[in-house]
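So the chains spell out like this:
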Amino acid sequence: MSNTKKITIKAFRFNAETDYLPYYKSYEMEVGKDELVLDLLNRIKWEHDGSFSYRRSCRHGICGACGIKVNGKPVLSCKENAYDMIDLFGDELIFEPQSKKRAIKDMIIDKGDFWDKHAVVKPYVEGIVDEHPTHETNMSQEEVENVLNADYCIQCGNCHYACPALEVNEEFFGPAAFVAAYRFTVDPRDNAGKERLEMTSQIGPGVWDCVKCFECAEACPKDIIPIEKITRLHNLQFEHHVAQSNIATRHAEGFVRSIKKHGFLDEADIVKYSEGNIGVLKHLGDAIAMMKAGKIHITDQIPFMGNMPKSKNLDEIQKLVKISQTNKL
Amino acid sequence: MSQLRYALYTGCTAKESTPELLSSTLAVAKKLDIELIILEEASCCGASHLQDFDPFLSHVLNARNICYAEKLGLTMVTLCNTCQINLAMTKEKLAHDADYRAKVNEKLAEVGLKYQGSVEIKHFLYALIDDFGLENIKAKVEVPLSNFNIAPFYGCHNIRPSELHHKSNGGENPYNPTSLDRLIDALEGYPVNYASKNKCCGFHVDLQAPHTSNALTGTALLDAIDNNADIMVTPCPLCHLNMDIKQRSAGKQAGRDISIPVLHMPQMVALALGCTYEEIGLKYHVSNAKKVLAQATN
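Protein chains in written order, with this note's numbering: chain G, 1 to 329; chain H, 1001 to 1298.
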């Protein structure tokens, strides 16, 4: 069996100073089983075209410079084996920058928005630190575990540029900033936790605009699972009474209200409860269309009234809600 | 092949705003002689929102849901990607944290239940493909879908995070999923290849961020249409709600007219297996889907 595979790499090429539009250029090469995606980037530059540009530095998966997308999958080039990519995508690999619309030259993008948003959430310990401490600041085992692995982040930007919410909502902080916000909020030395929770509870930039697609979890080369930290920020907002009653928090809390009553979610009620009596009116068009299609059943003019399905053994569910509920809005 | 039997977790949507999902699922099961026992005791899974408010309560309720499948000793089958991920994440959490499982079981004991983690949880799509088998489905096709270019829309929560789902989704590559494409192919339709097929529909921010949700829904629908899709198909009723109901608002935001029938995965299978108009439930769509039946047999 051969120890190499012949593949074609289609690489995104663009020079913001001279090109009107980007284009793709193909490079054929024999790839060995130990080669990394970064080796292939190097070989394009060294064997084919010296002008080919990309960021690289440590080659050890820690500097976070060499994030690109291979066939749409965000990878850290120096960590990703090229054969694994061939297994996933076949013998035509497409190399693209993390974000095509932010491309400056080939794989190099302007990461300005990433750093700006990262800086806003105060990604550092804010507190009064004794300049001449007489002993270490110890963390309990529990405190260490509570950080989860949020401190593994290398700011590569893979999750940030994989996030579809961020692509269409410019003010959204994005998953990497949320990981940093979480990491320092649970740090026992830090005093800015409440400020971060307030910041990340705002509708628009905050965690409530996360679409829950798990792209960030898939994109992270450090297995951080940013959405897990986003969920923890949601939880902390309720635990620390930072969460205000608004459309998003009522939506989350409203599930309990429905489940207690029916076991199931009352789909019409959750919209009405989250939006409030006035806000709900903007859904009138959709509601009428749904009624016409028979999606909302009408009994005595009140949606779902009387024919909301109910779970069997509803009393069990009600009891479990009563004894298990830990948060309040 | 011995008869396949599953515990069916319907989820809320199939019992409320998408009755066509439940009727078509039951019709497909009947045609293929698959026994589905509905878990009438089940509650809402929390739809990925309850856990933001109260993760412990969410885990307790989902552990209870799984308990009822355990009582039957049957694999639990879901009809909704978000139900699937919530139940699977609960199972994962309880499998890896014995102290937490004990706390959950302490609550369940109050209602006479005990969570064991003994059953598998999989989406109906993968029960059909991996358990029943594509070749066996192909052999049952009465109405080949050869009149349609069909755009598969996978929905996030069946394919990401891949590590969680790999046990139940046949190892689907989240960057290049193939299950729906293979199913369309087996039903003799033409799968449409388009970039948005594994992307997010935005459903979970419908209320607080309608601009985001309309943008994501619109992009995916237009991508399918621009790649000559006649129909879109999805295994997730939440994706379906957005793709079916939001065509007008998403189109308005995108500045283009959007009109395409969107079918639930079981509806597409029911259509190919020759189920009736009522069973397929084509009247329950906001965007005109009634024509699909006539087009299929033309």
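Hints were generated in silico from the structure; no laboratory data involved. Glycine included, each C-beta is placed from N, C-alpha and C at the ideal position. Heads up, some of the hints might be wrong.
[Unchecked claim] Lysine-lysine pairs mimicking DSBU-like chemistry, simulated, CA-CA at most 30 Å apart: (1) H:LYS1103 <-> G:LYS261; (2) H:LYS1291 <-> H:LYS1252; (3) H:LYS1114 <-> G:LYS328; (4) H:LYS1071 <-> G:LYS261; (5) H:LYS1071 <-> G:LYS310; (6) H:LYS1167 <-> G:LYS222; (7) H:LYS1103 <-> G:LYS322; (8) G:LYS292 <-> H:LYS1103; (9) G:LYS312 <-> G:LYS328; (10) G:LYS79 <-> H:LYS1093; (11) H:LYS1283 <-> G:LYS272; (12) G:LYS312 <-> H:LYS1283.
[What the hints assert, rightly or not] Stretch by stretch, here's where chain H covers chain G in the computed footprint (C-beta under 8 Å, at least three residues): (13) 113–124; (14) 137–149; (15) 225–234; (16) 282–294; (17) 312–322.
[Said to hold, decoys possible] Residues from chain G that face chain H, not an exhaustive set, calculated with beta carbons under 7 Å: (18) TYR24; (19) LEU88; (20) GLU218.
Each hint tested on the structure:
Restraint check for LYS1103 of chain H and LYS261 of chain G: satisfied, since their Cα atoms lie roughly 25 Å apart, inside the 30 Å limit. A threshold of 30 Å between alpha carbons decides the hint, and for LYS1291 of chain H with LYS1252 of chain H the separation of about 24 Å falls inside it, so the pair holds. Straight-line distance between C-alpha atoms of LYS1114 of chain H and LYS328 of chain G comes to about 27 Å, which keeps the hinted pair within the 30 Å bound. A C-alpha spacing of about 25 Å is found between LYS1071 of chain H and LYS261 of chain G, which places the hinted pair at or below 30 Å, so the restraint holds.
For the given pair, LYS1071 of chain H sits about 20 Å from LYS310 of chain G by alpha-carbon distance, which is consistent with the 30 Å threshold. Annotation: proposed proximity of LYS1167 of chain H to LYS222 of chain G holds, straight-line Cα distance about 22 Å (limit 30 Å). Between LYS1103 of chain H and LYS322 of chain G, the direct Cα distance comes to roughly 15 Å. Compliance with the 30 Å bound is thereby established for this hinted pair. Between LYS292 of chain G and LYS1103 of chain H the alpha-carbon distance is near 46 Å, which puts this suggested pair outside the 30 Å criterion.
This hinted pair checks out: LYS312 of chain G and LYS328 of chain G have alpha carbons roughly 26 Å apart, not beyond 30 Å. In summary, the hint linking LYS79 of chain G to LYS1093 of chain H is supported, as the alpha carbons are separated by about 28 Å, within the 30 Å threshold. Using a Cα cut-off of 30 Å, the hinted pair LYS1283 of chain H and LYS272 of chain G holds, with the two alpha carbons roughly 26 Å apart. With a C-alpha separation of about 29 Å, the suggested pair LYS312 of chain G and LYS1283 of chain H falls inside the 30 Å cut-off, and the hint holds.
Closer than 8 Å: that is the beta-carbon criterion, and the region 113–124 of chain G has 0 residues meeting it against chain H, so the requirement of 3 is violated. Check on the region 137–149 of chain G: 0 of its residues sit with their Cβ under 8 Å from a Cβ of chain H, so the three-residue criterion for coverage is violated. Residue count for the region 225–234 of chain G with a Cβ under 8 Å from a Cβ of chain H: 3. That meets the three needed, and the coverage hint holds. Check on the region 282–294 of chain G: 7 of its residues sit with their Cβ under 8 Å from a Cβ of chain H, so the three-residue criterion for coverage holds.
Proximity of the region 312–322 of chain G to chain H, defined as three or more residues with a beta carbon under 8 Å from a beta carbon of that chain, is established by the 7 residues found. For TYR24 of chain G, the interface hint is violated, since its Cβ never comes within 7 Å of a Cβ in chain H; the closest pair sits about 15 Å apart. About 6 Å separates the beta-carbon of LEU88 of chain G from the nearest beta-carbon of chain H, less than 7 Å, and the hint is met. With its C-beta approaching chain H no nearer than about 5 Å, GLU218 of chain G sits inside the 7 Å limit, and its interface hint holds.
This entry does not satisfy hints 8, 13, 14 and 18, going by the numbered hints stated previously.
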